[in-house]
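> Sequence:
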Amino acid sequence: MEEERRNIRRYNLLKIDIEYYFLFVITLILSIIGLIMVASSSMAVGERYFNDPYWFIRRQVIWWVISLIFLILTSKINYHTYQKLSNFIVIIVIGLLALVLIPGIGVEVGGSRRWLNLWFFNLQPSEFAKVAITFMLCDNIERKYRYRKHIKDIILPSFLALCIITALIFLEPDLGSVVIIWLIAFIVMFIGEVRFKHLIGLGSTGLIVIMSYLFMEDYRKERLFAFFNKAEEVEGANFQITQSLIALGSGSLTGVGLGNSMQKYSYLPEAHTDFIFAIIGEELGLAGTLLVVILFILFMFLGIRICIKTEDCFGRILAAGLTSIIIVPAIINIFVVIGLAPVKGLALPFISSGGSSLIINMIVAGILLNISRNNSLLMIKSQK
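Residue numbers (the working numbering): -17 to 366.
Please note that the accuracy of each hint is not assured.
[Stated by the list, open to error] Here are the computed lysine-lysine pairs in the DSSO-like style, where the Cα-Cα straight-line distance is at most 30 Å: (1) K291 - K58; (2) K179 - K291; (3) K66 - K291.
[To be verified] Restraint ranges, calculated between C-beta atoms of paired labels, are given here: (4) I18 - L142: 34 to 44 Å; (5) D34 - L240: 18 to 28 Å; (6) S186 - T236: 43 to 53 Å; (7) R40 - V91: 11 to 21 Å.
Since the hints were derived computationally from the structure, they do not count as laboratory data.
Glycine is no exception: its CB is placed at the ideal position from the N, C-alpha and C atoms.
Throw the hints in and build the complete structure from the sequences for me.
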């Protein structure tokens, strides 16, 4: 009997869709590239601020191990569990975002208060907000909207929660995260077959809110105008982009060699976080940047495949939303680094230094793996 069970288990593993294994491998490769590049790009910053060149490296390795555990755990938890807990998760995230704004609890860095001080580490709730609002939107579309097509079934409570989260993140302030969250929400609603007129109405509302916020502060307007007038200013708002392009250009086809970047030595700000893609280009050249881009394209392709293969509505919309949580920030980050988008302060998924971002990215990949696994198991049951 035990031998028969083992044979069934082996058969089931062999029958799991190839997307499952490829997605797992791509996730590991991207995260390992992240470890290598954080090690290379952060030594100068660690030495300057903490008198320890390995400070960021050690932390990133610890976060990588923790996030790998989350990847494995979430790949085994049935994704329908998140549907049942979606409202609770959103409430928790809103509470965490509110705590960020309290002095002494929220950590202020560079004029922004985006992190919670949890004694031995800092937590960035806006990263968790992306997943929380995705869960809630998918749940409301699947349970309410698709049967009645009433706009109120989206507005209450999903759109209301989205607006509260937007307001709290604006107060940090963090425009980049708001843009990402609204883009993800739009993609989820589009895949969820929200009526075009409702989609345009909600999308227009988000665009008006974001554009209004953009023009409320001079430094945001300066960044936007500088983006359209790159030739006129090098040392001001365009400084980061200029240094980023220098790094990319220095790398040529094969790069200057791992660890040999010059731009990471105080020339390029945020070399180990927002602009780590530029360091990849400098040290590993066009070959390295193309490898990273191809891996993200493959991740997107596999996410779309999982979405198409998922039969239940919640799983299908969730797969699309989770894929966008990884791909949308990746596209914007790369566009910023190569000068095709204004500077927004967004991390490159799996690769940039940061614990909250890495954990969320691994959780997202783990849930996608679970959706893929469930698709395979349902196929096996139907064949029997």
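> Decide, hint by hint, whether the structure agrees.
Do the hints match the structure? See the list:
1. K291 - K58: 19 Å, holds
2. K179 - K291: 28 Å, holds
3. K66 - K291: 22 Å, holds
4. I18 - L142: 34 to 44 Å: Between I18 and L142, where Cβ atoms are some 43 Å apart, the hint holds.
5. D34 - L240: 18 to 28 Å: Taking Cβ atoms as reference, D34 and L240 lie about 21 Å apart, which means the hint holds.
6. S186 - T236: 43 to 53 Å: Check passed, 46 Å falls within 43 to 53 Å.
7. R40 - V91: 11 to 21 Å: 19 Å, holds
The structure shown violates none of the earlier numbered hints.
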